[in-house]
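First to last, the sequence lines map onto chains A and B. Using the working numbering, the letters of the first sequence map in sequence onto residues 5 to 302. Using the working numbering, the letters of the second sequence map in sequence onto residues 5 to 241.
No wet-lab data here; the hints were simulated from the structure. One should not assume that every hint holds.
[What the hints assert, rightly or not] Derived SDA-like pairs: lysine to any residue, alpha-carbon spacing no greater than 25 angstroms straight-line:
1. 99/A <-> 19/B
2. 99/A <-> 158/B
3. 132/B <-> 169/B
4. 158/B <-> 187/A
[To be verified] One-sided excerpt, in silico: chain A residues whose CB lies under 10 angstroms from chain B:
5. 34
6. 38
7. 159
8. 171
9. 176
[Unchecked claim] What follows is a list of derived Cβ distance ranges for each label pair:
10. 118/A <-> 68/B: 57 to 63 angstroms
11. 108/A <-> 167/B: 35 to 41 angstroms
12. 292/A <-> 113/B: 39 to 45 angstroms
Cβ atoms here follow ideal geometry from the backbone N, Cα and C, with glycine treated the same way.
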Amino acid sequence: MCRVIQILFNTLIYGSEIAIIAVGVALSYSILRFANFAHVQFAVVGAYTAFSLHQYAGAPIALAAVLAALLTGLFAVLVDWLVFARLRNITPEGKMIVSWGVALFIRSIVAAMFGGSARVFDVSSDTLSIGGAFFTLQDVIVVAATALAMLALHALLYRTLAGTALRALASNRDLAETRGIPAARMIGLMWFICGTTAALGGTLFALQTRLQPNMDLVMLLPVFSAVTIGGLDRVFGAALGAVVLSLAQNLLISVDFGTLFSGESWSVPTQFRDFIAVGAMVLILLLRPRRIAARAAG
Amino acid sequence: MTALALSGVVAGYGAITVLNGVSLQVGDGEVLAVLGANGSGKSTVLKTAIGLTRMTAGRIDFAGQDISTLPAHRRAALGMGYVPQTRNVFGELSVADNLRMGGYLRRDALGPDLDRVFTLFPRLRERKRELAGNLSGGERRMLAIGQTLLLRPKLLLLDEPSSDLSPVMVGLVFDAIRRIRAETGIPVLLVEQNVTMALSLADRVCVLVRGREALDVAASALEMADLQALFMDGGVR
């Protein structure tokens with residue numbers, strides 16, 4: 005029983021970190037119709053900004069995380085203004101390749117500024133236990149912060165005029181413009197949301213593990229798998245995809261296959277969790293190919 | 005006074021030119037019907053008026069100013085109400101949200117105007133919570149018109165309001181347009197395939213052939229023989 009609870013806890017924790025990053029990929033895909041590989045860099049930039057504000061400027065960790073999220077939001081708007089806004093009329097494939105370039109550029113800047121070695125947030129946390137399952141206070145904060153951010157994002161998209169306009173823009177851009185919705189300004193808002201949510205996810209991720217310039221690669225595969233599972237342009241589908249993927253990973257890693265089949269204890273090494281993510285994605289693509297193919301084409 | 009004037013407009017999509025120097029005017033309170041065979045550029049006239057095409061020459065005047073270079077959302081703000089033929093609703097949004105987006109530019113309460121739309125199209129009130137993508141073709145047409153009315157337009161651009169609808173639905177939609185006209189006297193630029201319905205509404209008729217106006221007369225003066233000849237001519241293309 006306590007194993008089951010532990011698996012569910014771990015699913016929720018890792019799923020949260022991936023979800024909050026993945027929603028932005030889906031949001032930008034829904035409006036601009038390309039997969040932005042630079043999105044994960046917003047998470048890295050956000051994490052390093054939060055780290056700097058906390059460690060060097062002495063801001064409390066919560067404040068540092070929020071400030072870093074807002075700053076990264078502005079950074080995303082800047083990246084759009086410098087690069088993507090000038091390429092609105094090129095093909096989605098072209099934008100995707102450019103986004104790789106942007107990703108590598110941001111990555112180099114981060115590495116140049118902070119060096120390649122890992123840094124750890126100076127936060128200690130007590131271990132708590134419920135029903136024999138262990139987790140830290142930090143874990144609770146990660147899940148709670150994600151839940152709050154998701155609720156805020158949902159309220160923004162479904163309860164405000166600007167959010168509804170963003171959904172309208174994703175649904176039918178020409179029609180949206182003829183209703184008076186200023187697409188360019190709305191796309192700016194979209195980038196701000198992307199940067200903010202990704203930064204929050206990156207900070208939570210770094211709190212749990214550590215900070216290093218190549219953390220983008222650690223997040224890239226699960227984030228894009230989650231978005232693909234969710235249906236590419238569905239913001240909350242991506243969040244659900246993250247949880248599904250996290251569940252698959254935690255289940256598969258915790259099962260003792262050795263005992264099941266030969267008697268000797270053997271589990272899937274944790275290094276393979278990303279391949280489980282990709283496996284889950286491929287499996288889901290195979291199980292419902294039509295829906296995703298249609299969405300990708302439309 | 006003219007509400008809308010196109011003068012020598014050349015426009016199209018990407019490298020393709022569809023309109024080869026169109027000139028036409030819609031007078032205040034007037035309904036101008038644009039007729040023509042498939043591919044004559046009828047819909048492109050409307051898309052160019054609202055600003056969704058690439059215009060390379062000519063000039064468009066609306067509400068007393070040159071709007072040739074304004075983006076679509078600024079033209080909407082000036083009071084242009086465009087009802088597209090296809091892709092005319094936000095499929096992923098509810099009917100209520102679609103109407104709300106129609107009033108995006110409004111800063112006052114939409115309530116009274118919403119009631120007017122629901123009186124005009126009671127079906128929309130029943131389906132308020134439904135996703136627009138789940139509506140029938142006729143209901144979508146109603147929603148598209150209702151959404152446009154919430155903009156409080158000073159000119160309506162209607163792209164084939166009868167297309168793909170059952171005869172009953174065509175009747176409903178045109179009755180609604182007549183009521184809107186009777187209540188507001190708003191000028192209309194109407195593009196139609198259905199000549200009979202178009203003539204039942206139009207004050208003046210303009211026939212397009214290969215992206216140019218070939219005839220511009222009062223609806224009452226229209227000779228069916230002329231019309232037929234132009235349609236055939238346009239059909240060759």
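> Quick one, are residue 99/A and residue 19/B close enough, alpha carbons at most 25 angstroms?
Replying inline: With Cα atoms ~21 angstroms apart, residue 99/A and residue 19/B stay inside 25 angstroms; holds.
> Against chain B, is residue 176/A within 10 angstroms by beta-carbon distance?
Replying inline: holds, 5 angstroms
> Does residue 187/A lie within 25 angstroms of residue 158/B when you go C-alpha to C-alpha?
Replying inline: Holds - the C-alpha atoms of residue 187/A and residue 158/B are around 23 angstroms apart, at most 25 angstroms.
> Under the criterion of a CB-CB separation shorter than 10 angstroms, is residue 159/A in contact with chain B as hinted?
Replying inline: violated, 14 angstroms
>> Let's test the interface hint: is any C-beta of chain B closer than 10 angstroms to that of residue 34/A?
In response: holds, 9 angstroms
> Hey, residue 99/A versus residue 158/B, does the alpha-carbon distance stay inside 25 angstroms?
Replying inline: With a Cα-Cα distance of about 39 angstroms, the restraint between residue 99/A and residue 158/B is violated, given a limit of 25 angstroms.
> Are the Cα atoms of residue 132/B and residue 169/B separated by 25 angstroms or less?
Replying inline: holds, 21 angstroms
> Does the Cβ-Cβ separation between residue 292/A and residue 113/B fall within 39 to 45 angstroms?
Replying inline: Roughly 43 angstroms apart at Cβ, these two residues keep to the hinted range, so it holds.
>> Quick check on residue 171/A please, does its C-beta sit within 10 angstroms of some C-beta on chain B?
In response: The hint holds - residue 171/A has a Cβ within 10 angstroms of chain B, the shortest such distance being about 6 angstroms.
> Regarding residue 118/A and residue 68/B, is the given constraint of 57 to 63 angstroms on their beta-carbon distance met?
Replying inline: Taking Cβ atoms as reference, residue 118/A and residue 68/B lie about 59 angstroms apart, which means the hint holds.
> Should the hint that residue 38/A touches chain B count as held when the rule is a Cβ pair under 10 angstroms?
Replying inline: violated, 19 angstroms
>> Taking the Cβ atom of residue 108/A and the Cβ atom of residue 167/B, is their distance within the range 35 to 41 angstroms?
In response: For residue 108/A and residue 167/B the Cβ distance comes to about 49 angstroms; the hint is violated.
Hint check: violations occur at hints 2, 6, 7 and 11; the rest are consistent with the structure.
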